[in-house]
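**Q** The primary structure of each chain is shown beneath.
Number of protein chains: 2
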Amino acid sequence: MERKTIAVVGLGLIGGSLAMALRGFEDYQIVGVARRRETVDYANVHGVGDTATTEVKEVLSRADVTWLCLPPQGILDFLAAYLGDFKPGSLVTDVCGVKTAIVDGAKRLPPSVDFIGCHPMAGKEVSGIAHAEGSLFRNAHFIITPQPGNTTEHLELMKRMGEYMGFRDVVTATPEQHDAIIAYTSQVMHVMAAAVCDDPDLFDCKGFEGGSFRDCTRVAALDVPLWTELFSLNAPALCRVIQTLENNLRAYREAIECGDREALAAKLEHSASRKRQMNLEGPPRGDSYKPEG
Amino acid sequence: MERKTIAVVGLGLIGGSLAMALRGFEDYQIVGVARRRETVDYANVHGVGDTATTEVKEVLSRADVTWLCLPPQGILDFLAAYLGDFKPGSLVTDVCGVKTAIVDGAKRLPPSVDFIGCHPMAGKEVSGIAHAEGSLFRNAHFIITPQPGNTTEHLELMKRMGEYMGFRDVVTATPEQHDAIIAYTSQVMHVMAAAVCDDPDLFDCKGFEGGSFRDCTRVAALDVPLWTELFSLNAPALCRVIQTLENNLRAYREAIECGDREALAAKLEHSASRKRQMNLEGPPRGDSYKPEG
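Chains A and B, in that order, give the protein sequences.
Convert by adding 1262 to the 1-based position in the first sequence; the result is the number in my numbering.
Convert by adding 1262 to the 1-based position in the second sequence; the result is the number in my numbering.
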C-alpha cells in the first residue's frame, strides 16, 4: 500500500519545524518543497521531513495534505499560480498570521480542494531552516479557521496533526475573529516594541535595562517584509487596537500627572487584577516588596 | 578581631536575596533586620544572612554598612525615623527604583554617615522572603548614584559588593540621569503592560496569545502600592516618556492607515535596525520567513 503524502511548501523556520514535527504522523510521508537547491539539500541531510525536493507540481499532484509555509503574499501568489495543480480531494492549509485575506484567496481553488486556514502561534526571533526544530510548537496554540464547506474528515485530520505536533490546544475561530484578536495579542505587541525603539533615548539606556525592557523589545528586530505584509493585510483591526492603546496610555499619563496617588493606585489595581484574572503563565499575587522598580 | 557588620533592613524578595548573596563577602557578618518575628525566624532557619533580628537600633549602631531594602516611601520614612541611629562613619545604601527622591531624603543624615544610592536592577513577579535567592542578581545591572561627598573607600566597597553578588556590571549615574532613563527602560514598560490589560478584548484573547503577549504583559500584575510610589516619585520624567510613546504609536497607526507599504516597511526597518544596534540579549538578523505573525 502506498503511503499518503503531506507536502510542506516553504522550508523556513516554520515550514522546516512543521516538517520535522510531522515526521511519523500516522502513515504519512512528509515531503518538503523548497525553491532553492541548498535548502532542499539541507533538509535531506538534517531530516527536515522524510524527503525534500524542488519539484513543486509533481508533489502537489500527489499530496493528500499541502501546508503552505510561505510569507503572506507568497501564499496568495502560490495559490494563484498553482490553482489547478493540487490533488483533487486533498486538504490545503497554511501558517499565515492573518486569515481573512488568505481564506479569501483560497476561495478560487477548485471545489474538489478543501482549504482550512491555520495559524500555528509559535516562533523565534531568528528565521531559516537552520533554526527549525520539531519542538517549536510545544505549548503553543494551534488556531484553525474552518469554513462551511470543509469536510469533517479534514477538520479531524487538522486536529490530529495539531495534537501530534505538540500544540497545547486546537482553537477554532472565524477568519474575521482571528484577525481582530490577533491584532491585539500579537500585532500590536510588535508595533509597540518597534515604537519603543523609536524613543530618542534608546541608545542611552544600555546599562539601565532590565527584564521588562528586554522582554518588550525582544520582537522589535522583526522581519520587515513579513510584518509589513501582516500589518497591511489587517490594517483596520490593527489601527483600532493601536488607537485603544494610545487612549489607555494617555489615561495613565493623566492619572500620574494629576498627582492623586489613591486614584493612580485604584487604576493600577484595576489593570493588575485584570491581568491576574487572565492567568497566563502568570505570577501568583505577591504581598510585599517587589522589583525591578 | 571583631567581624564587621552589614545590616540588611527589610527581608522581602530583594532584601532577602541581598542577604543571601552577600554571605561570605570579605570579613563581614550579614545581619538581616525585619519587623515581623516570623520573617526573622524564616531568615534564621533558611540562612538568609548569617543571622536575623527585629532589633533595628541595636544593629544600626554597629553596622558598618546598612542596606535599606524597603519600599520607596518606607525608605524615606526609615531615614527620617532613624536619622541619628546609624553608626558614625558607616555607609548607608538602598535598593529603590527611583533615586532623586531617596538621595534627597538622605541629605538629612548626619555628615558622618555616607549615603550612596543604589538600584539593583533585578526582580521577579513574586515577592517575599520565601522567593529570595542568592542568584537573583546574576547578569543584572548594579546602578549606583554617587554624590560629591562620598568617600572613595565606600565607593570601592559598593563596587566590590556588587561584583561579589554576581551583578553583570556596576553602572554609575547621577540620581537625575538614573530617574530619566529608568522612566524609559522600566517604568513605562510597566505602564504599557497595564495599559494593554485595559483593552476591552483582554478576556477574549485566551487561546490567541503568543510569546510576545505573555512577555509584554508579564509585569502587569504588579505590586500596586510599590509601583504607585515609584511612578509618583518620578512623575515628570515618566509622563514625558509616555507622551513620546503615544506619539510613536500614533505615527505607526498613521503609517498603517495610509496603506503605503513601502513607507511602512521603511519605518519598520528604521525601528528594527535601532533594536539590532542595541544588541541586548538580542536576535541575530534573520533573512527569511519569521513568525509568530
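If you're looking for bench data, these hints aren't it; they were derived computationally from the structure.
Any given hint might turn out to be false.
Any copy, or any two copies together, can satisfy a pair, since identical chains are not distinguished.
Once the Cα atoms are required to be at most 30 Å apart in a straight line, the calculated BS3-like pairs of lysine-lysine come out as [stated by the list, open to error]: (1) Lys1468 - Lys1349; (2) Lys1266 - Lys1319; (3) Lys1468 - Lys1421; (4) Lys1468 - Lys1369; (5) Lys1468 - Lys1319; (6) Lys1386 - Lys1349; (7) Lys1266 - Lys1468; (8) Lys1319 - Lys1349; (9) Lys1468 - Lys1386; (10) Lys1421 - Lys1386; (11) Lys1369 - Lys1421.
This structure is a prediction, so every number in the text was calculated from the model and none was measured.
**Q** Looking back at the hints listed earlier, which ones does the structure fail to meet?
**A** When the structure is compared with the hints, numbers 1, 5, 6 and 7 turn out to be violated.
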